[in-house]
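Undergrad: These are the residues of each chain, in order.
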Amino acid sequence: MGLLSKKDTKLITDPLADNNPITIQVLGICSALAITAELKASIVMSISVMFVLGLGNVVISLMRNIIPSKIRIIVQLTVVAALVIIVDQVLKAFAYELSKTLSVFVGLIITNCIIMGRFEAFALANGPWKSFLDGIGNSLGYGVILIIVGFFRELLGSGTLLGFPVLGDPIAKTGLYAIGYENNGFMLLSPMALIVVGIIIWVQRTRNKALVEDH
Amino acid sequence: MENRTDKNSYTIIFAIAMVIVVGALLAFTASSLSPKISENQRIEKQQNILYAMGVNDNDESSAIFVSTKDAPELFTKYISKQLVIKNGEVSEDDQAYLIDLKKDKAASGGDATKRNLPLFVGEKDGVTHYIIPIYGKGLWDAIWGYVSLDENMVIQGAYFDHKGETPGLGANIKQRYFMDDFIGEHILDDNGNFKGVTVAKGNADPTNENKTDNEVDAIAGATITGDGVTAMIKSDLKLYKPYFDNLKNN
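Top line first, the protein sequences correspond to chains U and D.
So for the first sequence, my numbering puts the first residue at 1; every next one is plus one.
So for the second sequence, my numbering puts the first residue at 1; every next one is plus one.
Hints are not guaranteed to be accurate.
[To be verified] Have a look at the derived ranges for each label pair, beta carbon to beta carbon:
hint, chain 1, residue 1, chain 2, residue 2, range
1, D, Leu-98, U, Gly-107, 25 to 31 Å
2, D, Lys-36, U, Thr-9, 40 to 46 Å
3, D, Gly-109, U, Trp-129, 56 to 62 Å
4, D, Gly-184, U, Ile-73, 50 to 56 Å
5, D, Val-19, U, Ser-69, 17 to 23 Å
6, U, Glu-97, D, Phe-194, 33 to 39 Å
7, U, Ser-103, D, Pro-242, 35 to 41 Å
8, U, Gly-198, D, Leu-98, 48 to 54 Å
Note that these hints are calculated values from the structure, not bench results.
We treat Cβ as the ideally placed atom computed from N, Cα and C, and that holds for glycine.
Based on the sequences and whatever the hints tell you, model everything.
TA: As structure tokens, this is what we get:
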């Protein structure tokens, strides 16, 4: 990659696997559980978080030398809330249909711990370009997990992917359902998202022993 | 050395400046965009009402409104009368679709006789639609909808929407497979008493063939949103029962 130095590339690739925000840093679990019942919602949420985290990291990084440390958390919260609300209002005025799909996610984005976590851990100490890359990297890492969880929950819970029936029709008993397969309704509930995330963490740490903490 | 950003005076000035800047920014955005947003919402209401009476661009499986461009024209074409019912008295009002049910409900203080109840009468292919807006609460926030009834209070079409239900679960009340289940359902029981439609778990009728059981199949994982739909149908449609009784007697 000519555009990015080796260090910059690491900012993007690290959060994808060995420093993943969900499976390693255990941030953003709440939204990972809440909205992954469908693949589509997972994708929309990933893109929204990428936008907010990329932009928010840049803004916080630009302000890092003037933010008083005593109230930095509140300042971060204000910045992200203002950003999200302005974007939501603009969408409502100029892309109403899209805004209706996204408005559900607005509240979830503001309270997403990944956003505050990255502001606090990275943007406050690094320049805007690095912070931007860190934001994109972390939201990609977040998105990958969301999409994996969403894929399994929608497939096993509803027998569809992105709304398309891929396993046949459960009511007319075609496809897989003809031989006695049933959707697992439990997959649609949040506890199963936690279990799927747990399985991902298990697989990841089995493959890379260096990630296993010593006690 | 003490950092200048650690001083109390700096912290306070920063906080004040931040509040002013962010507040001004938000106020400016909100007020400059609000005419456009409320216009969008007005057209959306027309699209919702038209949707409930079957004027839409639905394809096989997804719910699609008529285009925002055509909505005002189609609204005038299909909706023949807009009525407001107040304490049993019916009057015409061509702005009835703009009545905010939430505010009206709050202003009445729970007294049904003080409510301004909007009702839209539409004609499509020789069939008369009585379209009623309903409003209630789901798990996280408001849910609302439009239900089209015939003279016998049998549902001919329904549209539901929500502000912030869980995507993939409660948010699915605005999916075709849920809304279409309501078509043909009876609001009254066999004796003509008001019963509503219950969003029921395990009603042993997932394909919804029994239209007179006053039940539709619930969405898995969306119990509270489903109960909210049941409740708003019961509470809001009930207020219109006298109107339909009158309709029959005359």
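Undergrad: All hints, please: hold or fail.
TA: Going down the list of hints, with the structure as the test:
no.: 1; hint: Leu-98(D) x Gly-107(U): 25 to 31 Å; verdict: holds, 27 Å
no.: 2; hint: Lys-36(D) x Thr-9(U): 40 to 46 Å; verdict: holds, 42 Å
no.: 3; hint: Gly-109(D) x Trp-129(U): 56 to 62 Å; verdict: holds, 58 Å
no.: 4; hint: Gly-184(D) x Ile-73(U): 50 to 56 Å; verdict: holds, 54 Å
no.: 5; hint: Val-19(D) x Ser-69(U): 17 to 23 Å; verdict: holds, 18 Å
no.: 6; hint: Glu-97(U) x Phe-194(D): 33 to 39 Å; verdict: holds, 36 Å
no.: 7; hint: Ser-103(U) x Pro-242(D): 35 to 41 Å; verdict: holds, 37 Å
no.: 8; hint: Gly-198(U) x Leu-98(D): 48 to 54 Å; verdict: holds, 50 Å
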